[in-house]
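**Student:** Each chain is listed here by its residues.
There are 2 protein chains.
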Amino acid sequence: MFSKACEYGIKASIFIALNSYENKRVSLKAIAKEINSPEAFTAKILQDLARHNIINSTKGAHGGFEIDKYAISSIKLSQIVNAIDGDSIYKGCGLGLHTCDEEHPCPVHDKFKAVRDELKHMLESTNLEELALDIKSGVAFLKT
Amino acid sequence: MFSKACEYGIKASIFIALNSYENKRVSLKAIAKEINSPEAFTAKILQDLARHNIINSTKGAHGGFEIDKYAISSIKLSQIVNAIDGDSIYKGCGLGLHTCDEEHPCPVHDKFKAVRDELKHMLESTNLEELALDIKSGVAFLKT
DNA sequence: TAGAAATAGGATAAAACTATCCGAATAATT
DNA sequence: AATTATTCGGATAGTTTTATCCTATTTCTA
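Note that the protein sequences, when read in sequence, are chains X and Z.
Here our numbering is used: the first residue of the first sequence is 1, the next is one more, and so on.
Here our numbering is used: the first residue of the second sequence is 1, the next is one more, and so on.
There could be a bad hint or two in this list.
When chains are identical, the list treats them as one kind, so a pair holds in a single copy or across two.
Unchecked claim - Derived SDA-like pairs: lysine to any residue, alpha-carbon spacing no greater than 20 Å straight-line:
1) Lys113 / Ala40
2) Lys113 / Ser125
3) Lys44 / Glu34
4) Lys136 / Asn23
5) Lys24 / Glu129
6) Lys29 / Ala71
7) Lys91 / Gln79
8) Lys143 / Ser27
9) Lys24 / Lys91
10) Lys136 / Asp101
11) Lys59 / Gly138
12) Lys120 / Met1
13) Lys59 / Asn36
14) Lys136 / Glu103
15) Lys111 / Tyr90
16) Lys120 / Asp110
17) Lys4 / His98
18) Lys33 / Met1
19) Lys29 / Met122
Hints listed in this document are in silico derivations from the structure and should not be mistaken for laboratory results.
Nothing here was measured: the structure is a model prediction, and the numbers come from that model.
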């Protein structure tokens, strides 16, 4: 459903959020270890998220990544997905038609619409805070 | 959402079904033209669908592809998707965790489950016949 | 039976995605 | 000021997906 990059991006954001609540910056190394992802590849994704102002990065010794703790609850999953994978997951036609709308629909347009709308709603209504809290409480996990 | 191969596979199946109702076999060339796909690549996908017994292929002059007209209404979208993309779309974890279930869920497990279940239900409850009829009646389209 | 019209299938190429490497830049610490 | 820890960013490599090419095989038709 999502690209590998997007999966890493979401997991990394959750881990960064978790630490930001405790005012701790986390290093690339720590993130990659925690979410079980390749370091250099993860670095690219974090740079991307930083460019999109979803996370903040600080260079140099004692540097790393963090998220404004007061912004965590307002960051939606959709923003992360959008930053990394773009909006094709919402907007694209299920069968790849160049133009697919009510006027000129592909054969699965209506049926797909329901699924995509549910996905869209889910991504837009889920924020980083709730995901981070599930990790903190041990209800959910970031690896294995 | 689906691979390009899967998109072509679905569109090709619809077009073959449409012609099979009129007892017409269609050639690779005609299919690729109709669904606007690369010929040789489409050939591989059709071979795959034939191996999975979803369509029938006939070699030689006057050969081509067809579907048993009495089977069209019982062929589900899920069978086509499954033949080409496998079942990862149903089974895989949204965040790529190796094991992700009620016992050990990823942070988006529950939220994702709803979307995936809806997708699964949609694919399993949609058959080739209804899709083909929408094309026949001019309500839906296979290209542009 | 020869020739033409198709699909089958192996080999290869191109593009996109995933992953790695390394030097440059930056910031804290000593 | 030098050293160290760290992110940034360009270059490169590996893998998967998408696409193409060519020959073999099959089947119909004349």
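**Student:** Looking back at the hints listed earlier, which ones does the structure fail to meet?
**Tutor:** Result: hints 1, 6, 9, 11, 13, 18 and 19 break, sorted rising.
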